[in-house]
Structure formats: structure tokens, C-alpha cells
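Chain by chain, the residues run as shown.
Protein chains: 2
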Amino acid sequence: MRFVIIGGDAAGMSAASRAKRNAPDLEVIVLEATTDVSYSACGMPYNIAQSERDMNDLVVRHAKVFKEKQGIDLRLGHTVEKIDRGRKAVMGSASEWGTFEIEYDRLLIATGARPLIPDIPGNDLPGVKALKSLEDGRRIKDYLAANDVKQALIVGMGYIGLEMAEAFHARGVCTDMIEMRPRLLPYLPEEMAALVRKELEDKGIGVHLGAGIKAVESRDGRLAAQCDQAEFTVDMVLMAAGITPNSEIAAGAGLDLGPGKAVAVDRFLRTSDPDIYAAGDCADAFHVLTGSRVWIPLALRANRAGWAVADNITGSPAELPGIMGTAVFKVLDLEVARTGLSVEEARQAGFDPVENLIQSRSRAHSHPGNTTISVNLVSDQKSRKLLGGAMVGKEGAAHRINSLAVALHAGMTVDDFFQCDMAYAPPFSPVWDPLLTAANQMLKKL
Amino acid sequence: MRFVIIGGDAAGMSAASRAKRNAPDLEVIVLEATTDVSYSACGMPYNIAQSERDMNDLVVRHAKVFKEKQGIDLRLGHTVEKIDRGRKAVMGSASEWGTFEIEYDRLLIATGARPLIPDIPGNDLPGVKALKSLEDGRRIKDYLAANDVKQALIVGMGYIGLEMAEAFHARGVCTDMIEMRPRLLPYLPEEMAALVRKELEDKGIGVHLGAGIKAVESRDGRLAAQCDQAEFTVDMVLMAAGITPNSEIAAGAGLDLGPGKAVAVDRFLRTSDPDIYAAGDCADAFHVLTGSRVWIPLALRANRAGWAVADNITGSPAELPGIMGTAVFKVLDLEVARTGLSVEEARQAGFDPVENLIQSRSRAHSHPGNTTISVNLVSDQKSRKLLGGAMVGKEGAAHRINSLAVALHAGMTVDDFFQCDMAYAPPFSPVWDPLLTAANQMLKKL
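Those protein sequences? They're chains G and E, same order as listed. The first sequence begins at 1 in this note's numbering and counts up one residue at a time. The second sequence begins at 1 in this note's numbering and counts up one residue at a time.
This is chain G alone, in the form it adopts within the complex (with noise of 0.2 Å):
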């Protein structure tokens, strides 16, 4: 059996290698249109906040060990450009080789998602750049490189974005951030964007509101970029703007696009042609809370679908619940992490849901180096159960997050997470940790 996957990074990359353990024999194709494959895609701001670090450092595995240790037939510089169902076989072009055609018994579309650039003129200019892939990353540090960056401006405050915003301050680079949207990172309360929103603005990053990019010039070896609210003289224009998913191939065979016009797959990671699988950042999964399908495109739910693509074909059923949204990210000295629904989205989807927010110590009370910690918390007045949640704190909200996370994926009330016996020492927690005073005080709202 033939086994071709379109696409050569996390989920591509996780079901080769996990197919060819399951199942020596099979015959597993990786078509990768770049020559990078199984990189650390979240790494690249921090690496490039370094500008002595190697961009290939993020590189986990190389294509060499892919191809000679485990006998994955990985073709890079591929690019495909159609699929046709009926002949079960994927068509496109090779880098050195021309035209080619595959035919496959089972495949995957793995194709990732791409920068969304705001069709604006100088769109394409030398110093406008966006990061998706290592390839993106690497345009960007040579850039740096290359050039006396002074100045930078940052269109879109989402993760990436702000992630980036970190690099260029590490880097010594004066940064201007703006977004479309009235509100920054707006699944959070209000009170704790603005904590992000005041980080940012201490280390001075300005942060521009309801404001799109409109057009960019060069302009005595700098870039203007016009924006709604203002113009911002740089040497660096960042898109981050937000991704869209590759799947446009997926589209053109006929096979169901979902949310954000991912492709759509069931808990088996098939698409709607059963021979055809979907995993990673170009396809959408099931909200666990809601069952509905979101598209949510995160690292480690790429490598658990790449993995249960390959379990699925090797004949081992895997069948996966579907995610929970959980996202933890680094803002220069803040840590902000999300799981389950906001208050607004767990409206949406039909629960009588109540918020609150609490603020904590991250240790004991008279324990040094203690910070503030704000809790939100979301339930369902209804069935007392705890629907999603979010942290911002110096410290202790990237991995407090995966307590309630896991109460969710759990279906736990509050009632019977506040019971939860968790661990204390004055380095670490108040005696009663955050997320527990945050229950407590949920519990006098229901």
C-alpha cells in the first residue's frame, strides 16, 4: 500500500514517521514544496530574538534521517497542484525534476496555512516580511541582519505578532503594533488585555487599536507604512495579520472546507473522501465543549492528528475527542495562557455562562519574588460546570493552565474542581493555589 502525504512538516512529518513504525512496509511519499522539513515553527521568534543563534537549530529532524534512518521517501522542492480522486493520484511540479504524478491508496493533506498579507500596495517590498515558515525566518534575520533596522511595525496583535514584538524589543528594535480589531486579544477580558496592553507599553511598544495598514512606500531608503490612524516611518514592516489555511487543492477535488475554510475532518481525520485524510494547520477538528467544528490551528493538535492519521491507516482505529483550545504564549515578562471558551463564545454556543476574575500571588504571601496572577474563569450556571479560563501573571500561568484544561476535557463543576487537592511550598503557590480562589469565588456566582 502507497502512502503519500502532502506536506512535510508537524502533522505531515508525525504521520510518516509513526506510519513506518506501525508498519514497515508500507510505502509512505512525503511531497514538501519547500526544502525544510520538521521544524519548530513556534521557535522562530525566539530564535530570531538571538541574532547569533543558527535558524537550523529549530530544525528537530533532518530530511537526511527521514529518508536513510527511516526509509521515508521524502521528495523536497514539490509542490502539488492537484488531486484527482477519481484516478486516486496527486499532480504538480518539481523544483528540478518538471511535472509529476503520484498515485496513492491512501493520502494526507497536510499543507499547512499561510500569512494572510493585506492586498496593499508595497505589499511587496524588500523590508515587509511575514514569518510562517523557516524559510520566512530566515528572510527576516538575514534582513537584520543585513540591515541597521531601527525601527519596525507590527501589523496584527496575535499571537505571532506579539511574539515578534518580544524579538524586535530583544533585538533593540523600536517597535509600533497595530489591529484592525477595536480590541487587543479579545477571548480575554478586558481587564487582562489591558494587563498585555500596559506590559507592551512599559517597554515601549506602541500599540495602535482599530487601525489597518493601507499602503507601504519606500521612501529615502525607509519604508512609510500608512495606517488609519497614523503613518509610521520604519526599516521593517511585520504581516501578521492572521493565517489562512493551504486548501486550496483540497477545495478544487471537491473534498468539504469547514470553519475559516479549513478542510473539514471527522474525529478519524478524514476528509469527506474516505481515502483522504486532513491533519495540522489546513484543517479544522471538533471543539470538545461544544462538538462543534472550530479551526484552531496549533502545534501540538498537528502532531496528535499526524500521529492518529497514521494509526488510522496502519489499522489501529484512532479516534480523537477533539481539542480544547488551550494556548499559553510569552510577552516579553508576561505569560498569558487560555483554555476552553471566553464568556462571549460559550454564549454563542448556547450555555448561560459566568465569569469572573480574581487576582492572585504567584507564591506564598511573604515568599520572594512573588507577582500578581489574574485568573478568569467561565462556567455554566446551569450545570455548575466549568466551561474555560484564562491566566496573565509574570509567572505560573503557562503550565496552571493544563489543571483546568484538563478539568475541562473532564466536564468537571466547580464544585468538584475546588475540591481538587493540589500542591503547595511558598516557592510556588499561595496555599490555596489561584486556580482554587478562583473556583471559590466562582462558586459564590453560581
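Just so you know, nobody snuck in bad clues.
Given that identical chains are not distinguished, each listed pair holds provided it fits within a single copy or across any two copies.
Straight-line C-alpha distance at most 30 Å; calculated DSBU-like pairs for lysine-lysine:
#: 1; residue 1: K394; residue 2: K203
#: 2; residue 1: K444; residue 2: K64
#: 3; residue 1: K150; residue 2: K198
#: 4; residue 1: K445; residue 2: K69
#: 5; residue 1: K150; residue 2: K132
#: 6; residue 1: K69; residue 2: K444
#: 7; residue 1: K67; residue 2: K444
#: 8; residue 1: K385; residue 2: K445
#: 9; residue 1: K203; residue 2: K141
#: 10; residue 1: K261; residue 2: K132
It is worth saying that the hints were derived from the structure and are not from the lab.
For chain G, the structure is supplied; the task is to place chain E on it using the hints.
Relative to chain G, chain E alone:
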């Protein structure tokens, strides 16, 4: 109605405060033998580590606040010696006022625990100390300030011994530790305990297992401590060989005792006398996983139980499911955390346990500051449920353990836990959180 509380630390003052909040008209009398109430006992080693800090930093709420703001009749220096259940009265002696006798409608025994001091010659020498009360902490700190303490011996390698080893290290005191048992931290897999031993030894702290103390004598202005394997000439000896509950007055009144001679209580914190409750380090608890009575005296349980007692006597019945044995401590540069049952405890409880031990990373593979984190999981072969686990690492163990604790409270199988959507960002975790990697490896054993 009159609510009398014996003991004014975590459990006692939690109960007093909450009872007054629930029922402002309730008469609440707290009888505390010492002059300290409501302090962070767990913070003492960290306070001792810093010579310039005031020990009173650890007081969470002052006696004056309880008395004047909260209306609690707090009587310091009042030692209860006897409970007369027939007459519903407690008798004792007060430092300034002689004897007293106070009648109660409801009584809470929150007498805490005391260090087990080996019954050996010289255990009362001035340089021989133990650490449980705030007064103990002051004595140690005063001794360190007044004497040129160059070397110390710690007897016992539990939490307090290990935390005090760190404190001595911070104060530049050269330290040896002895432990009667042949194994260090026997609830950890041996490889994990070895990591703790290595950390101690790397920092110059001597570790001597299977060794008890025989005698201490004063010699040339120093202390000669005769132990099973060697004699140590030191300037200070810290007795940290465990604690024992202060349950004598409860036993004297004919109340049932449980494991470790702790006062036996039901899930409503009632002793065998329905008008008498017990909470905190003097009382036992039910282990959530086994349903058995256990004595695991920790601060969160004390606070939680104090609240529950207050709710129960003020008419809002509160039933506590029990404890999970979740605990964490820091020893030098290591975090050590556990929850649930060790493989040996699981076997004794009648499970068919399987355990594993994996090593993962605290951050993404290429992220700066990335360190090794070890994870041990215990699960039941038959039900596939998680039973417990432990983590050791330089970072990320303390908060991660709570995710496992929540899973244990929810009765999750390894399969379900592995499906949990956890947070990922390079500064905080690999794509697969170490707990998920451990769960994945465990699945292969089930």
C-alpha cells in the same frame, strides 16, 4: 451558640474566620497555647535562608485583626489540657491567668503536630533544634545570628529536612544529612530519588542513609553527634525526623484515633463525638483513590478542613471528598512534586499497578534554558486509570503536577489523559507536554 477552637494556626483560624463570616452572632473562642497565630509555617525555611528577613514576615494575619476586626475571642497563651465530653467543657491553664474552664456547644480540635525528637542523650543541648512552630523558627534564626555556625547536621530527609538543607546552604553552613531509612524519599522511583541525592551532593551536602542518631554531646564549644555510621562535629543539629499529631487530649477524652495516631474524622470533619470536630495536622483524612484513612498533614488540607468545619457548624453542610497526597518541595535547584499513589502504595491498596519513568524537556528542544524533567506515572493495569505520579526537574514540576492531580480527582484513564489539549509555547514546554509524553509511553505498557 458557642464554638470553641483549640489551636490558632491554619485550620483553627480558618475555621474561626469563616464561622464568624457565616454567622456573625456565633460566639467563637480560640484557645492558642503560644503567642503566634495564622502564620506560614511552610515559609520558615525560606525565611531562615535570608538573615536579613524578619521572622514576623510570615504572619498572615495578626491577632489584633482577628480580635478587633473579626470579633473572634482569641485567647493566646491558653493551653488546653483536658476535654470533658460529659460536661462539654475544656480545661487548661493560661500563662497569665492560671487555670480555666470553658464550656462549648461545638468544639474544634486543631492542635497541629509537633516534631518527633529522638529520645537520645543531649537532645536538649542549646544547639539542638527542631522546626515546627514560629517560635522554633525564631530560635533557629537567633541561634544562627548569635553563633558562628559553620557546620550543621540534619537528622531526617523529609520535606523539612530537605528545605532546611537549602536554607543552611544559603547561609553558607556546611551540612550533612542522615536518614534512618535505607532509601531517600521512598515514594519516588529510585532513579528520581537519585536525582535529589545528586543535587544535594553537587552542592556539597553530605547524604548518609540508613543512619540514626545515638547521642549529642557538647565538646569544645561545638556539638559531637554520634550516629550509626560516623560522628559529626558540628555547630548545630536540626531534628527533622518527622512529626507526630498532638492528639493526646483527644485520646484522653476517648475520641477515636486513626493512622499515625491522628484524630479520626469523617468526611464532615466530625470526630467520634458528633459535637467535636478535628482539622489540620492533628487529624486524618480519606485518600480519594483508596477510600482509606491516611495521615498526610499538609497546609492546603488544614485550611480546607477549617473552612468545612465552619460551614458544618453554621448550617451549610460541607463534605470533603478527601485528599490526593499532592505535594511539592524545592530542594536547592530542583523541584520535586508528587500526587496520588506510588507504585508500592498502589499495590498495597489492592491495585494492579504499572509504572514508568521518562525523561523529557522543560521547554522546546532548541529553547534557551531548556532542562531535563523526569516524569513517573503509575496506573492500574485493569481499569487503565491513572493512580499517581511524580516529577523532578529544575523547572516546571511544581505546577505540572496539578494537572495530574486534577486527572486523578476526575478518575481519568491514561487514554483520556493523553487526549488532553495542553498548552504549548517554546519557553514553557515541548510540543507534547512531558506529562503527555509520559502518558503515551504508559499506553504502551497497558
